[in-house]
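Novice: Sequence:
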Amino acid sequence: MTQTFDIAVIGATGTVGETLVQILEELDFPVGNLHLLASSESAGASVPFRGKNVRVREVDEFDFSHVQLAFFAAGPAVTLSFAPRATAAGCSLIDLSGALPADQAPHVVPEANPEVLKGLKKPFQLSSPSPSATHLAVVLAPLRDLLQIQRLSVTASLAVSAQGREAVSELARQTAELLNVRPLEPKFFDRQMAFNLLAQVGTPDTQGHTSLEKRVVHELRAVLGLPLLKISVTCVQAPVFFGDSLSVSLQLGANLDLAAVNRVLESAPGVELVEEGDYPTAVGDAVGQDVVYVGRVRAGIDDLAELNLWLTSDNVRKGAALNAVQLAQLLIKGLV
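Residues 1 to 336 in the numbering used here are what the sequence shown lists, from first letter to last.
Simulated from the structure, these hints should not be mistaken for lab results.
Backbone N, C-alpha and C define an ideal beta-carbon position, used for all residues, glycine too.
Any given hint might turn out to be false.
As the list claims (entries may be wrong) - Below, in silico cross-link-like pairs of lysine-lysine (BS3-like), each with a Cα-Cα straight-line distance of 25 Å or less: (1) Lys52 - Lys214; (2) Lys214 - Lys230; (3) Lys118 - Lys333; (4) Lys230 - Lys52.
Unchecked claim - Using C-beta positions, here's what the derived DEER-type ranges look like: (5) Gln251 - Leu27: 30 to 40 Å; (6) Lys52 - Ala89: 34 to 44 Å; (7) Ala77 - Ala305: 19 to 29 Å; (8) Asp60 - Gln22: 22 to 32 Å; (9) Phe195 - Ala259: 17 to 27 Å; (10) Glu276 - Pro84: 49 to 59 Å; (11) Ser65 - Gln3: 17 to 27 Å; (12) Ala176 - Ala259: 22 to 32 Å; (13) Glu276 - Thr203: 33 to 43 Å; (14) Ala259 - Leu178: 41 to 51 Å; (15) Phe188 - Gly288: 23 to 33 Å.
Make the full structure from the sequences, and use the hints.
Specialist: If you want it as C-alpha cells, here you go:
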C-alpha cells in the first residue's frame, strides 16, 4: 500500500491556495485526509478535490496534530500566528508568505538548491520564495557554473493576481468601466490600474525600496548561494491578470559565450527556451504552464560581458503553488 499523508492548506480559498489544491490532485500527491483552512470570512466555502467538494474550516479551531504537513498560502500575519502552533504539534510546514526567517525555514527552489533539505530535522520548515525569485532562480541556477555573475538587474512586471482575488476583480471592474465610457473610481488600487502601469508594488521604505523588492533580493541570494551578489530589483504593477514578465540584465566577469548559454538553457529543468527571433508572453505562453519561458537571449549592445534575458511565467501556478508542491514531494521520504 502506498504511504499517504494528511495535509492542511491554510488560505485554501485564495488564488494560490486553490491552485495548490488543484496541483496536488494533478500530480497525484499521496494525500490521505485533506484539511482546507481559511479565515472565518471564508469558512463554509468548498473547494473541489478528487471529485468531491471539500468544505473549508476556520484555521483558528484547527488541531495541527491531525496532519503531517501544512501549506501556508495566506499572508505573513497568518503564518506568524499559526506556524508556531503547527510545529509545536509536530507538523512540518511549507510557507509561501516569506514571513519566516531563513535560518528557521530555508528558501528552496527544487531546480536550484534541493541540497538544502539534507540534514533538516522534523518537523521540517521550508519557505517557497516569491514568484519572481522562483522564476529567476529556475533560470539562473543552471547558469551559475558557466557565468561569472557580478551584478543582476531586474525589472519585474507583475500580474495583479499576486495581490489576491480582490485585485483581480478590481482590474476587471476598471477595464469594464473604461470600455463602457463610465467614470472610473479606483478602490483596491490607489489609482487607475486598467490600461496603465504602476511604478511600485507596495509601500516604499525611506530609501525608496518596497518590501517585495527587498524580499526578492534576499531570497534569490539565498537560493543561488551567492550572498554577496549585487542585485537591483524594480517591481512594476502591470494590467495583467495572471503571468509575470521579467526583463533581466546580468553583468559578467568575462565576455559572454552566447551559444553556451543557449545550450544550458535548452536542457535546464523547468525552463522553456524560445527560438531565436520569437519571444514568449504571459497570456500567449505562460499562463497555466509549469515552466519559465525564456526569450530574447542576447549580449549587450556594446558590452560583450553583459547578458540580457526576457522571462515570463505563471506567477500563481509555477511561481507559487507548483514550487510548494514540488518541495513537498522532496519531503515525502522524511515525513514517513
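Novice: Hint compliance check: list the failing hint numbers for this structure, sorted ascending.
Specialist: Those not satisfied are hints 1, 4, 6, 7, 9 and 12.
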